[in-house]
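Take the given structure of chain F and dock chain Y to it, following the hints.
If you read the sequences in order, they're chains F and Y. Reminder that position 113 of the first sequence reads as 103 in the numbering used here, one-by-one numbering, no gaps. Reminder that position 180 of the second sequence reads as 170 in the numbering used here, one-by-one numbering, no gaps.
Take the hints with a grain of salt, since some may be wrong.
Where chains are identical, the list cannot tell them apart; a pair therefore holds if satisfied intra-copy or between any two copies.
Said to hold, decoys possible - In the SDA-like style, the derived pairs of lysine to any residue whose C-alpha atoms are separated by at most 25 Å in a straight line are:
(1) K215 with R109
(2) K215 with D97
(3) K215 with A78
(4) K174 with D74
(5) K170 with Q23
Worth flagging that the hints you see were computed from the coordinates, not collected in a lab.
Chain residues, written in single-letter form:
2 protein chains.
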Amino acid sequence: MPIRKLSWAKRIAEMPRYRLTLEFDGGGFVGWQFQPNGLSVQEVVETAIERLCGQPQPRIMSAGRTDAGVHALGMVAHADIGRDMTDARLMGALNFHLRPHPVVVRDVARVTDDFDARRSCLQRHYIYRIVNRVPPPALDLGRVWHVATPLDLPAMQTAAALLQGHHDFESFRSAHCQSKVSEKTLERLTVTQAAGDEVHIHASARSFLHNQVRILTGTLVDVGKGRWTPDDVVRALAARDRQAAGPTAPAGGLYFLSADYPQDA
Amino acid sequence: MPIRKLSWAKRIAEMPRYRLTLEFDGGGFVGWQFQPNGLSVQEVVETAIERLCGQPQPRIMSAGRTDAGVHALGMVAHADIGRDMTDARLMGALNFHLRPHPVVVRDVARVTDDFDARRSCLQRHYIYRIVNRVPPPALDLGRVWHVATPLDLPAMQTAAALLQGHHDFESFRSAHCQSKVSEKTLERLTVTQAAGDEVHIHASARSFLHNQVRILTGTLVDVGKGRWTPDDVVRALAARDRQAAGPTAPAGGLYFLSADYPQDA
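Pulled out of the complex, with its shape left as it was, chain F reads as follows:
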């Protein structure tokens, strides 16, 4: 066994590295990251690579470790895969082995060994979908947050502009957040009206705190309902206390949209 391990370690070091772009429905998963108590997106993708290559315990790293129920349209991950085939064939083979899970490889690109989906990431983009109408959604159940109270969009936009930029987001992270620092730069936080009674919140940053987008969304929705003024949001930010901010919006409305890398320029 140690000999076989060594042999694999050597083979993995020589394997070409790939950048994978993934779309998944997070509804049935315990989240991105491997957990012993349920099926994760990571486990599903690693199992597909293992089936394809016979490579024991392949490891993938991703730009974001999304929570249970959070979806992705363009999650980026990297993996070292020891199969000599074109990018297009590799994508097809991975998608074959990913079935029947609602996880799909949307794009495959050969990258240099210094590409790291987590560490090299320059910016992460999320979108949060709210359906703002009295009747609940029938087709998008578990894919949107249903808010029946009419939302005051201009007030939400004013509050979002106040939250954008470099701040200490201590009030906007979960108690489980493991980040040593709570200062982050929100490059974008915008609220827009979309088709079909939808309100979209776009959030972009180099990195986010745990639950940050969902707490920002919950707080902005409280502003939209008229419970809070935009000034209350500034006070919540200054309080440096999770209790001072709004509720955590449900996971099902959140989508990891895309991630930017130096190589994209």
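Frame of chain F, contents of chain Y only:
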């Protein structure tokens, strides 16, 4: 029992009539129409009315009788409902009783007794969603038709223009179609590129033959793949034979969008 029946018949005749606009995920249903071998959308809505009013065997009529797996964003139906409440309250109560089914009343409006969702309908609008990319959809599984071959949109648009208008659509209806006539006027048949690698086909007509939109879609996709020329479509139309047209597109990509009535003007 006959006395009770008579009493209900009289009460139904006096009941106010409502126009209901429904959204539903057709994936788990045998279709719109009641069938003894499985759950239909009609049964689910009628059961909700029965629960709300205690009214035995309430009957609803709809603009369209969609097949199993076909969805709706704005199906129109009418029902006589014997509960004295505002439209908003009635919508809330019906949605409460529709749970947990993926069927939602999006709008309720009191109408005169001569409103008939089926007979008064001036025009029915459908949209067919195709995802045209190599990787299969993860989030929209069962909600779109996945076509991996790149589609030639201009060719599809040319063919659609040739199919638009008044024609004998004998080649474009299923063997189970019960309509006595096969001549119909397609007021609109357009093919457009949409966001997220989607191609949308819009179809509008006063009425459609059974499977007509799905066979039109299957034929247009054959044109998009380069298997057929737009002229082949004209020949298929002239053949007056189901075998001459393309395949029936899957149910899951089709949505009943809306219905127009004289009262809307």
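Exercise for the section: Find the hints from earlier in the document that the structure breaks and name them by number, from lowest to highest. Expected result: Checked against the structure, the hints that fail are numbers 1 and 4, while the rest are satisfied.
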